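> Sequence:
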Amino acid sequence: MPLDSLVSILVALIVGLAIGWIVRARMAAPVEAERRALAERLATLEEMRTAALRDLAVATERAGQAEALREKLEQTDRALDAAERDLAAMRADHAARSEAFAAQLKGLQEAREQLSAQFSETAGKLLNEAQRALIERADHRFNQAHEKSEASLKALLQPVEATLKRYEEGLGRVEKERVDSYAGLREAVEMVRAGQGQVRDETARLVNALRSSPKARGRWGEQSLQNVLEQAGLAQHVDFRQEVSVDTEDGRLRPDVIVRLPGGRELIIDAKCSLNAYLDASEEVDEAARTAHLRAHAGSLRLHAQQLGAKDYWARFGKAADYVVMYIPGEHFLSAALEQDDGLWEWAFERRVLLATPTNLVAIARTVASVWRQERLAEEAQQVGALGKEMYERLAVAAGHLSALGRSLNGSVSHYNKFVSSFENRVLVTGRRFKELSVETSSREIEDVGAIETLARLPEPAGAEAAEAGGGEPAAGNGLAAAEG
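Each residue of the sequence shown is one higher than the one before, starting from 542 at the first, in my numbering.
Rather than coming from a laboratory, the hints here were simulated on the basis of the structure. It should be emphasised that the depicted structure is a prediction, and the values quoted were computed from it without experimental measurement. Keep in mind that the hints are not guaranteed to be accurate.
Unchecked claim - Just the calculated beta-carbon pair ranges, DEER-fashion:
1. Gln923 <-> Gly725: 21 to 27 angstroms
2. Gln923 <-> Trp855: 19 to 25 angstroms
3. Ala584 <-> Gly605: 29 to 35 angstroms
4. Asp721 <-> Glu825: 40 to 46 angstroms
5. Gly725 <-> Trp855: 29 to 35 angstroms
Unchecked claim - Lysine to aspartate or glutamate pairs mimicking DMTMM-like chemistry, simulated, CA-CA at most 25 angstroms apart:
6. Lys647 <-> Asp627
7. Lys613 <-> Asp627
8. Lys860 <-> Glu763
9. Lys930 <-> Glu702
Note that CB positions come from ideal geometry on N, CA and C, so glycine has one too.
When you get a sec, could you build the whole thing from the sequences and use the hints?
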């Protein structure tokens, strides 16, 4: 049964029911409320009917579209089958053409190889003959030019050779002095090590002699100071002076030693410290008395450091360093005082007094001697640098002359080639026509005149060596280049 008929029957039933309900409502007032409800339901059903009709229309339209799409799909399938058949035919045709092309390509390659071999053989013969003739003519011409330029080049390079020789001699002398200085430093260190033991032994033996003569004690300290300075490589009257007197408003000052420092400065060293209390302690057997003498020894060193600081050597001597060295001629003298007064060294240093024993004084003196040697080496290095600068300038002049000579040779070759070209194209062509016209000529044939292809090698420009080291090609025109005809 059609859907429209069902909907119509359904609507008729609904309308009939609604009419029945309405009639019943008129007959019965108490059921008025139910009638209104039925009326609302009727309206709702009417809306549902309208929606059902719209859905039916949409479904009908979609059914028509589905039929059209089905027909279009069948057409597409038929076209696809035809395209596949065409593609298979094209593939078969392409395969046949590829086989034919491969056969033709193979034949062409074989023919090319045969022609290349024949051409290489013929060209090689012609090239070898041309090269032999060209090289013979070029060698003859360039040998003449080389003999002339070699004499000029030797004259240009003679000053460079002399400068290089002086430069090598200067470098050798500086290197020899450097090796000698370091060898001397090692030898001095070994001497200091050996001297330490000797100083300790001599100190023990000299205790009794120093006790009996204060003058001898002072002289021993000065001599010990001189020995340390000389062992460090300093020379008296050259690197240091002894007992230099200076008159001031407060009296005469006479430091034991003044050491010359690089830069015009001076280092003042005093060696007059008293060792009486230490010598007394060395003779004591009682530990308490020995400790008392060692405390007195520490106090004596402190007092002497205070007196040195009060003399203001750095102010009295215009070139003096900012501190004065208080020389103590034995390690044990200072160590015994520091055991009793552990702040002695810092206390003296605050007053610009540096407590020094043979061990650290030789290090100071050795440093001074090394600085002097380094200063002399620096002066010689400056001389070597000036010599190198002079050599470089002369090399630059010689290279300029050499480059100008190369450019001149290349210019001569260029003019020669132009003349050969003009001679062959204008003169020889006319001359050979005499023979063609049966004019009586000499039996001698006119020789071919070839161009010169080899160019003079010019000096490498700056940066060319770095470019070659990095894998780059040399600049055009440098080295032996061949012109293309």
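> So, for every hint listed, does it hold in this structure?
Okay, the hints, checked on the actual structure:
1. Gln923 <-> Gly725: 21 to 27 angstroms: holds (23 angstroms)
2. Gln923 <-> Trp855: 19 to 25 angstroms: violated (32 angstroms)
3. Ala584 <-> Gly605: 29 to 35 angstroms: Distance hint for Ala584, Gly605 holds at roughly 33 angstroms.
4. Asp721 <-> Glu825: 40 to 46 angstroms: Taking Cβ atoms as reference, Asp721 and Glu825 lie about 50 angstroms apart, which means the hint is violated.
5. Gly725 <-> Trp855: 29 to 35 angstroms: holds (31 angstroms)
6. Lys647 <-> Asp627: Outside the cut-off at roughly 30 angstroms; violated.
7. Lys613 <-> Asp627: With a Cα-Cα distance of about 21 angstroms, the restraint between Lys613 and Asp627 holds, given a limit of 25 angstroms.
8. Lys860 <-> Glu763: holds (23 angstroms)
9. Lys930 <-> Glu702: holds (14 angstroms)
Consistency note: the structure conflicts with the earlier hints numbered 2, 4, 6.
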